[in-house]
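Engineer: In the order they appear, the protein sequences are chains U and W.
In this text, residue positions in the first sequence follow this note's numbering: the first is 1, and each later residue adds one.
In this text, residue positions in the second sequence follow this note's numbering: the first is 1, and each later residue adds one.
No wet-lab data here; the hints were simulated from the structure.
Bear in mind the structure is a predicted one, so any value in this text is a computation, not a measurement.
Idealized CB from N, CA, C, for every residue including glycine.
Please note that the accuracy of each hint is not assured.
[To be verified] Here are some chain W residues the structure puts well away from chain U; computed CB gaps all over 10 angstroms:
#, residue
1, Leu19
2, Glu22
3, Asp24
4, Ala25
5, Arg27
6, Ala34
7, Glu43
8, Asn77
9, His82
10, Asp85
11, Glu106
12, Pro108
[Said to hold, decoys possible] Just the calculated beta-carbon pair ranges, DEER-fashion:
#, chain 1, residue 1, chain 2, residue 2, range
13, W, Leu19, U, His46, 24 to 30 angstroms
14, U, Asn79, W, Pro6, 24 to 30 angstroms
15, W, Lys113, U, Asn79, 23 to 29 angstroms
16, W, Pro49, U, Ser69, 15 to 21 angstroms
17, W, Ala40, U, Pro68, 42 to 48 angstroms
2 protein chains.
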Amino acid sequence: MTQSAPVELLVCTTCRRGLPVEDDAARPGALLHAALAEAALPEGVHLRPVECLSNCDNGCSIVLRGGPSRWTYVYANLNEAHDVDTIVEGTTRYHATADGLVPWRERPVHFRKNCVARIPPIGA
Amino acid sequence: MTQSAPVELLVCTTCRRGLPVEDDAARPGALLHAALAEAALPEGVHLRPVECLSNCDNGCSIVLRGGPSRWTYVYANLNEAHDVDTIVEGTTRYHATADGLVPWRERPVHFRKNCVARIPPIGA
């Protein structure tokens with residue numbers, strides 16, 4: 001396999017995860033982003049905060065994308081306290097592919113059950 | 001405004017819209033794609049079939065994207081019989097923007113209520 005394009009892990013940092021959040025309190029999405037910034041993501045994965053991924057009813061949400069040859073995936077219902085390891089695992093497997101297509105059985109169970117959408121590659 | 005990039009309107013053609021579909025019958029997603037192929041989409045919008053956008057619980061689904069400077073949007077719960085005009089209107093407004101951000105009040109009501117996700121531009 002040739003060298004793959006870098007991967008972006010986008011995290012919705014404005015997500016309230018359906019909770020009432022005081023104006024000056026950190027939001028669940030921001031906490032998820034902060035936790036991922038401390039996690040062991042593979043080299044070549046760029047963590048990026050995004051203001052609202054418009055999946056507010058099923059947050060917290062992330063997007064995985066990576067260059068013109070990979071499918072893009074949107075995953076939902078993630079919890080900043082419980083799901084960091086799942087995101088790291090799923091991102092690592094995604095990063096290891098050239099086309100973004102991780103075999104179904106190799107995807108974390110949460111990813112299998114909470115895929116909101118996938119979008120085809122733009123094409124090289 | 002400078003000339004914008006072309007827009008892609010991706011339609012999930014394998015969508016069953018939750019219905020039992022006989023193997024040899026056209027699927028709702030394929031019918032939606034066929035209806036859009038006959039519709040008055042603006043010049044510069046490319047209609048493209050996709051096999052499964054992985055939004056199966058809330059189909060039919062479409063994606064709007066358009067070059068490195070526009071946000072990408074995923075819309076759900078579309079009906080091949082009722083929503084073609086809505087898709088044409090929303091696509092036309094999206095196509096008219098440089099960044100993909102149509103003001104909220106200018107979006108079709110169905111788009112406002114059935115946005116599954118939005119994904120930021122890759123950047124020029």
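Engineer: Look at each hint and say if it fits the structure.
Structural biologist: Here is how each hint holds up against the structure:
Against chain U, the non-interface label of Leu19 (chain W) holds: every CB pair exceeds 10 angstroms, the least being about 20 angstroms. No beta-carbon of chain U is positioned within 10 angstroms of the beta-carbon of Glu22 (chain W); the least distance is around 25 angstroms. Listed as a non-interface residue, Asp24 (chain W) keeps its Cβ farther than 10 angstroms from every Cβ of chain U; the least gap is roughly 26 angstroms. In this structure Ala25 (chain W) is separated from chain U by more than 10 angstroms, as the shortest Cβ-Cβ distance comes to about 25 angstroms.
With a least beta-carbon separation of about 18 angstroms from chain U, Arg27 (chain W) lies farther than 10 angstroms from that chain, consistent with its non-interface assignment. No beta-carbon of chain U is positioned within 10 angstroms of the beta-carbon of Ala34 (chain W); the least distance is around 19 angstroms. Every Cβ of chain U is farther than 10 angstroms from the Cβ of Glu43 (chain W); the closest lies at roughly 20 angstroms, confirming the non-interface assignment. Listed as outside the interface, Asn77 (chain W) is consistent with that label: its C-beta sits roughly 13 angstroms from the nearest C-beta of chain U, beyond the 10 angstroms cut-off.
Every beta carbon of chain U lies more than 10 angstroms from that of His82 (chain W), the smallest distance being close to 22 angstroms; the non-interface claim holds. Non-interface status of Asp85 (chain W) relative to chain U is upheld: no Cβ of that chain comes within 10 angstroms, the nearest being about 23 angstroms off. Against the 10 angstroms criterion, Glu106 (chain W) stays outside the reach of chain U, whose nearest CB is about 16 angstroms from its own CB. No Cβ of chain U approaches the Cβ of Pro108 (chain W) within 10 angstroms, the least distance being about 15 angstroms, so the stated non-interface status holds.
Taken as a hint, the range 24 to 30 angstroms is violated for the pair Leu19 (chain W) and His46 (chain U), whose Cβ atoms sit roughly 41 angstroms apart. About 39 angstroms separates the C-beta atoms of Asn79 (chain U) and Pro6 (chain W), a value inconsistent with the hinted range of 24 to 30 angstroms. Between Lys113 (chain W) and Asn79 (chain U) the CB atoms are about 26 angstroms apart, so this pair conforms to the stated range of 23 to 29 angstroms. The given range of 15 to 21 angstroms is respected by Pro49 (chain W) and Ser69 (chain U), whose C-beta atoms sit roughly 19 angstroms from each other.
Distance hint check for Ala40 (chain W) and Pro68 (chain U): the Cβ-Cβ separation is about 30 angstroms, which falls outside the suggested range of 42 to 48 angstroms.
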